[in-house]
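Enquirer: The chain contents come next:
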Amino acid sequence: MQLERLLPVFLSEADEHLQQLEQGVLTLERRGPDPELVGALFRSAHTLKGSAGALGFGRIAQLTHAMEEALEALRTGRPADGLADLLLECVDALRALRHEVADGGERTEVAQLLRRLEEWKQGRAEALHPADVWVRLREDCPMRAARALALLRLLREHARVEEVAPPEEAMARGNLGLEFTARVRARNPESLQELLAGPDVEAVRVMPAAESRDERWLDLGPQARGKLPDDPELTRRASLRTVRVDVERLDRLMNLVGELVVDRIRFQQIAQRLKDARLLGASPEKSPGHTDRGPQKSRSDFWDGLDGVAEELAEATTHLGRVTSDLQAEVLKARMLPIEHLFSRFPRYVRDLAQRAGKRVELVLEGQDTELDRSVIEQIGGPLMHLVRNAIDHGIESPGERERAGKPAAGRLRLAAFQEEEGIVVVVEDDGRGIDTDRVRQRAVALGILSAEAAGRLSEEEAVELIFHPGLSTAQAVTEVSGRGVGMDAVRAGVQALGGSVEVETRRGQGTRFLLRLPLTLAIVRALLVSCGGERYALPLAGVQEIVEVPAERVHRFGTHRTTLLRGGVLPVVSVHEALELPVPEGADRLLCVVTGGRRRVGLWVDRVLGEGEVVVKPLGAYLGQVPGVSGATILGDGRVALILEPAALVRLAVREEELAHVG
Amino acid sequence: MSARVMVVDDALFMRAMIREALANSGFQVVAEASNGEEAVARYQEVRPDVVTMDITMPQMDGVQAVREILRQDPSARIVMVSAMGQQALVVEAIQAGARDFVVKPFDQARLVEAIRRALR
Chain A
19 MQLERLLPVF LSEADEHLQQ LEQGVLTLER RGPDPELVGA LFRSAHTLKG SAGALGFGRI
79 AQLTHAMEEA LEALRTGRPA DGLADLLLEC VDALRALRHE VADGGERTEV AQLLRRLEEW
139 KQGRAEALHP ADVWVRLRED CPMRAARALA LLRLLREHAR VEEVAPPEEA MARGNLGLEF
199 TARVRARNPE SLQELLAGPD VEAVRVMPAA ESRDERWLDL GPQARGKLPD DPELTRRASL
259 RTVRVDVERL DRLMNLVGEL VVDRIRFQQI AQRLKDARLL GASPEKSPGH TDRGPQKSRS
319 DFWDGLDGVA EELAEATTHL GRVTSDLQAE VLKARMLPIE HLFSRFPRYV RDLAQRAGKR
379 VELVLEGQDT ELDRSVIEQI GGPLMHLVRN AIDHGIESPG ERERAGKPAA GRLRLAAFQE
439 EEGIVVVVED DGRGIDTDRV RQRAVALGIL SAEAAGRLSE EEAVELIFHP GLSTAQAVTE
499 VSGRGVGMDA VRAGVQALGG SVEVETRRGQ GTRFLLRLPL TLAIVRALLV SCGGERYALP
559 LAGVQEIVEV PAERVHRFGT HRTTLLRGGV LPVVSVHEAL ELPVPEGADR LLCVVTGGRR
619 RVGLWVDRVL GEGEVVVKPL GAYLGQVPGV SGATILGDGR VALILEPAAL VRLAVREEEL
679 AHVG
Chain B
-11 MSARVMVVDD ALFMRAMIRE ALANSGFQVV AEASNGEEAV ARYQEVRPDV VTMDITMPQM
49 DGVQAVREIL RQDPSARIVM VSAMGQQALV VEAIQAGARD FVVKPFDQAR LVEAIRRALR
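Going down the list, the sequences are from chains A and B.
So the number in this note's numbering is just where the residue sits in the first sequence, counting from 1, plus 18.
Position 47 of the second sequence, counting from 1, maps to 35 under this note's numbering, and the rest follow consecutively.
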């Protein structure tokens, strides 16, 4: 009972302290142990220990106690070497435990960390050596999955397990042959051989592993290749189902709800007066004697009263309209979170990635207080992690290579967010080697994505765009050479699913910049209602620059595509009819909505513009699946459904056709 | 000093068999329990070095008992004793913190080996 009441308090407090600990340790690593910092770390660990102890969370208490002791040793003069790594591992373990106590009980092992903290304290900290452990079970081993997990558990007590293939969750579900591999760090990797040997185990091999990442992937076998694990904490944190709301904002919401209550009372009064008036209107005929005044007087009272009621109703309705739109705006704002929520995980993420890749990276965060809709924040984490990972793995060069190129040894990675017009822009920028467009071109040709001739004709910008091509971006070995990693098509798809777009700018030898343009909020967008082939569609206004009418004869047709001239410039024309496979009307004048998608500008040809308004975006759902050019649906005021067009995707559809035309 | 073991199984026969196997190998059986609830209570009293835990039992099953015991003593060492075809439950028990397992029917050496590993 007490636990139930106190647990949420403990959890949220733990989150804060863990965050402080992590930031503190990162500072410690950078600046060394100044007494104030060590004191703050000590207090965080101490507070956690106290609450965990009171709630009976033994492992959290043990671990924080050991951290305290290590920090105490630091305060009394033990050099800090190696402590930051160790403390960060402790923070990871504490985080895991924090989530475990939230749903049942502590499971993460701490014995190994306790032992290492103790050793560090006594100055015996030894280096941990990386090794790959390969285990093969006997054919007749019963319950292979359970055996493998038990072995893994044993391994964890004696070594730090960094990665497992197949992944642990897969093993738990029974997806396991006879073998598994683990990348570990251990003081004495050779000793693991004997540790793991047993009656169900056919063979164990421990191989010292190279520090370099590429080799490591080879060692880990096919399951692991090309998969760098996402930071689970990052994903977990981003998908928290609760939001902290500013008290002032809550007060404003409360006030507005108060106004709604006032409106309700007014409507009740109006209803009452209408009832009274009806009685009044009905009574004079039937029983004039019931009133002191004459029937004539009652009748005029009745009409006056009705006028009054109508006026009051109109006023109350106006008021209600204002309150509900304020309420809508406030609720939308309450869904907003500062992007700091997401950014705050990156210092650690970048540090770990850089360390593993043998790079030096200085992370710059800007615009942390930029607010985004909660659901956007939730979904942007994955693509952002991917871009950051790529920048570190493939963009930023090794310190040596950078120095030879006359750059500072530490690469600069900038994560920035700012508001721009109707949306938010998130920037991921590195000063690394840039994308080698020649390589990209060559590979695209080699993979049969387009002809050599078409590739030669592509502008630099268009060649860079090829990294988003699904065929190219899944060919890992290929894109690594060209300075970009896998899954760029997934990044773009993820951002587009949010109604956003991804742009890339790159300069060879100088760096690469990705711009993610995101809508402020997902739930409601201002849109233009248009009709095409008798159907109505909503076109998000954010992408629409202007609407122009062009006579049919001014649209020129070349093969499958059309262009027109707009104020002296060539404007490609995309027929919404064709994009959505509707019949194309002949002869009529062309009404063009000029939209931008990426850096391109095209005219979307529609039949009629019906008006503009706010539409509530609903996902299409699994039933319709992915329709190219359509991002969702909305229900119009009259109850009819309208599909929401996605300008950027329509532009791409048109561009793809253009490319195909080149190839053909 | 020989390690102190608690044997948990709802079948008297299995308890007797395990006890004998352990006695032959120099372990000391300090407690027995015939269901999960009893196991949790007895564990608190006697604090054995290692527990052998049956899975299917009345009152509280073995997996649940593992959770309860580990909640009170995160350093508890537990070896699951499972019938064939219970892999999902064994996996659950290991994820909950059990150290090792043996599958019935087992020979004595297997059980002793598992307990030695758990004590390591």
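What the hints contain is simulated information worked out from the structure, not anything from laboratory work.
No experiment lies behind these values; they were computed from the predicted model shown.
Note that beta-carbon positions come from the ideal geometry of N, C-alpha and C, so glycine has one too.
The reader is advised that the hints may include incorrect statements.
[Claimed, not checked] Okay, the calculated beta carbon distance ranges per label pair:
hint : chain 1 : residue 1 : chain 2 : residue 2 : range
1    : A       : Arg23     : B       : Arg108    : 37 to 47 Å
2    : A       : Arg457    : B       : Arg98     : 53 to 63 Å
3    : A       : Ser30     : B       : Pro46     : 36 to 46 Å
4    : A       : Arg23     : B       : Ala71     : 18 to 28 Å
5    : A       : Ser30     : B       : Arg108    : 33 to 43 Å
6    : B       : Arg108    : A       : Glu137    : 31 to 41 Å
Enquirer: Each hint: holds or not?
Expert: Taking the hints in turn, this is what the structure says about them:
1. As the Cβ distance of A:Arg23 to B:Arg108 is approximately 40 Å, the hint placing it in 37 to 47 Å holds.
2. About 57 Å separates the C-beta atoms of A:Arg457 and B:Arg98, a value consistent with the hinted range of 53 to 63 Å.
3. Between A:Ser30 and B:Pro46 the Cβ separation comes to about 39 Å, which falls inside the hinted range of 36 to 46 Å.
4. Judged by the Cβ atoms, the range 18 to 28 Å given for A:Arg23 and B:Ala71 is violated: they are separated by roughly 40 Å.
5. A beta carbon spacing of about 39 Å between A:Ser30 and B:Arg108 agrees with the range 33 to 43 Å that was offered as a hint.
6. About 19 Å separates the C-beta atoms of B:Arg108 and A:Glu137, a value inconsistent with the hinted range of 31 to 41 Å.
Hint compliance for this structure: hints 4, 6 are not met, and every other hint is.
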